[in-house]
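Protein chains: 2
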Amino acid sequence: MALPTVPLGRYHRRMTAAVKLRPSQSALDGAVAELRLLLGERLSTGLAQREQHGRGEAYHETAAPDAVAWPQSTAEVGEIVRICARHAVPMVPFGAGTSLEGHVAALQGGVSIDLTRMNRILAVRPADLDATVEPGVTRKQLNAQVKDSGLFFAVDPGADATLGGMAATRASGTNAVRYGTMRENVLALGVVLADGSLIRTGGRARKSAAGYDLTRLFVGSEGTLGIIVEATVRLHGLPEAVSAAVASFPSVEAAVETVILTIQSGIPVARIELLDPVQMMAINRHAKFDYAEQPTLFFEFHGSEAGVVEQVERVKAIAADFGAGDFRWATRAEDRSRLWQARHDAYYAALALRPGAKAWATDVCVPISRLAECIAATVADIRAETLLAPIVGHVGDGNFHVTFILDPNDKQERAAAERVNEGMVARALAMDGTCTGEHGIGAGKLDNLIAEHGEGVEVMRRIKATLDPLNLMNPGKIFRA
Amino acid sequence: MALPTVPLGRYHRRMTAAVKLRPSQSALDGAVAELRLLLGERLSTGLAQREQHGRGEAYHETAAPDAVAWPQSTAEVGEIVRICARHAVPMVPFGAGTSLEGHVAALQGGVSIDLTRMNRILAVRPADLDATVEPGVTRKQLNAQVKDSGLFFAVDPGADATLGGMAATRASGTNAVRYGTMRENVLALGVVLADGSLIRTGGRARKSAAGYDLTRLFVGSEGTLGIIVEATVRLHGLPEAVSAAVASFPSVEAAVETVILTIQSGIPVARIELLDPVQMMAINRHAKFDYAEQPTLFFEFHGSEAGVVEQVERVKAIAADFGAGDFRWATRAEDRSRLWQARHDAYYAALALRPGAKAWATDVCVPISRLAECIAATVADIRAETLLAPIVGHVGDGNFHVTFILDPNDKQERAAAERVNEGMVARALAMDGTCTGEHGIGAGKLDNLIAEHGEGVEVMRRIKATLDPLNLMNPGKIFRA
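Top to bottom, those sequences are chains A and B.
Numbered as in this note's numbering, the first sequence ends at 530 without a single skipped number.
Numbered as in this note's numbering, the second sequence ends at 530 without a single skipped number.
One thing to keep in mind: the hints can contain errors.
In silico EDC-like pairs for lysine to aspartate or glutamate, Cα to Cα no more than 20 angstroms straight-line [stated by the list, open to error]:
#1 A/Lys365 <-> B/Asp78
#2 B/Lys365 <-> A/Glu354
#3 B/Lys365 <-> A/Glu289
For the record, the hints were derived by calculation from the structure and aren't laboratory data.
Using the sequences provided together with the hints, build the complete structure.
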């Protein structure tokens, strides 16, 4: 008996064939009328709100939704999804709007579901080092709440993003090298699926071998499989001692070699960030620092008093071998805050270098042994194209960012930046890296995903098709619609 | 060609419906003929091989496959899968056969795909702290290979399991508390899907935000979504200093409170294992130790020389507060090996307590604040049922195991053990824990999975159905067929 196997492409073809790219006006009108009954003034079709919700911080094409909804409970999210599904109207979840790859653009219209009014911290459990929050809680809000318990939430992408959005985009940031990304820091999620039903992806056990890892499936799914309505996240004890430092190096290679040897030596550094000379110039101007405008590493060390001293001594010895200038220390909490605020403001500092310009931030991540080579080749490309594009990196993970500072009216500049980006992605993939370490695919890296995952993208498409058969959950993101 | 089948026993009575889904004799004959052409003597239909491959280490009833195949390459695995799919013959991947929940039983017959001849270490990259292996490489084999580079592979379930099997079951073990489980230690997989095609789930970057997390989807999928043919895993630097110790406590509660405070204090202990008095008696007899037969913790500390001293001092102070007896140290490598071998042999030591008995090992995992309560209630149930059932636990994760030592001919004993197990699982779920921390669902915890995940199991089923529409990949595991 010969049974035909199911070809991998069939589901995708069926899915795209079934979907009209935008809902009809009558479908929209029907959905909006029902949503207004449900939400009253918490539904808006005003242009300003719609435009703001279609934009995010991305350089990419913006696309305003047809309406914006502000649910206040999981039950309301479920009802919104059921209404939109009945009318075949797309849904785009929205948190703080800080995503960088066009995740919130309503490419096929529909309803933006703004989760910022679901911002209650439902439980903090110091004994278990975890907390459960609604999706609109921001990381700073959670940290303010748990500080008095001697705890902190470790994932720090810079922006004060919502935890729902951070889970949806698999966010990470400066201290992922020590504490992991959202992949490691989410214990469980509540998710409203495309039919309006609610699942919880797990409990609070630190590990589980019970079935498929639904938590990790939804972390990083960018709103394309369901809407995150609850997150249980890990907390960490505030370290007994913290010390931060800045050191400049004669070359990017020397700085990166310092990073590589630090990681290979197993030193549990909490943050290790690279900033290139262009970025250092931007920070000096923006935040009135007077750092050397050279390749620079920002460090942070966490541990016991003795442990931090030991880490610092070992890193200083490594850095000295690669020609580091003197370490400048920030041991007082307010000095560290100022230092890391400067790092977090790198994007805005870069933007300020060129008034009227727009910033396009892109990132890749490579095995650490290839990092110096990957950055050097990218810098060479930026110079060859005569672009303004500072580089910063979470280099302990092999992850770095290029922020192109572009004249929005200059198509040639944009084309040059695209060439640099495509070259960088191709280089990262050739090095067994990834097309994005933390920004995600969104609407910006659809082809890069295919280059990276090949037939794996068909597996992703099949999962998408079976969980969202009408392709209404953030359509056009991760996969081309 | 008529292939006799091994009858299914009482434990899988509920699966008799599934048995009817066995392939027809003509389908089997066709598949076996094609497989023999492909593999020659690397295909067996001999009873001894079939029985061995249907058994594993599970207490659960065995179910022999109709044939056993030994591929030597990914291409051969792909061809085997295509042949089996064409004939609608089930496939069951097989590694070291050390799984504990009946994962390798061929409940619907079919072909056991034994991956132990795919045991090449394809690459070790000390600079990136990773290695790529074929699925039949065992953890001890990999560790022997990387030791000279100053590295080790951290996940240690005790048994010398294959890395393919460990990935498929989301294995963990004694030092997951410090280094994570297979979830955290697998960077990427090569997987042959149900249609025989090959995907790679990722590259070697330490983090990625590129699409759905296919690596984590296949880790723990127990062979139900595809066959793992390659794994890229993280390695860690061998610690500069290692110290191990054994301490006994006046009660299980005192031992567990020591664990809780150690974890809450953020002390990066590498292993922290609980053994109850029954297990200590078993170990003393089995390995000729003379430990106190009291609740006992086995510790291991990794770090710099100074760091280990600091960890030890802090843990000793905590343990003293909970009435610990003197710490017995094992600082020499051979003493540590003997100590951990005794811990790893706990299962066999327990079995040896009662000649002729069989062991049924089960595990749960709970938030650490509930661990003492969960163990105490379980011990009370074991006593009330007058069962012999030592307890050991990876307690730093909130994970513990009960090993029932049962007379295989005593149905009442079996029923009593099932009552204790069901009570323990229900208790763990009520505590927001999981029905299995590391053994998996297999064929043994199908109903527990539904109790734990509810509608989430429907999401898992849909993923299974879309990736394996003919339900040929290890059918009857995770989901009832």
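Structure-based check of each hint:
| no. | hint | verdict |
| --- | --- | --- |
| 1 | A/Lys365 <-> B/Asp78 | 68 angstroms, violated |
| 2 | B/Lys365 <-> A/Glu354 | 19 angstroms, holds |
| 3 | B/Lys365 <-> A/Glu289 | 19 angstroms, holds |
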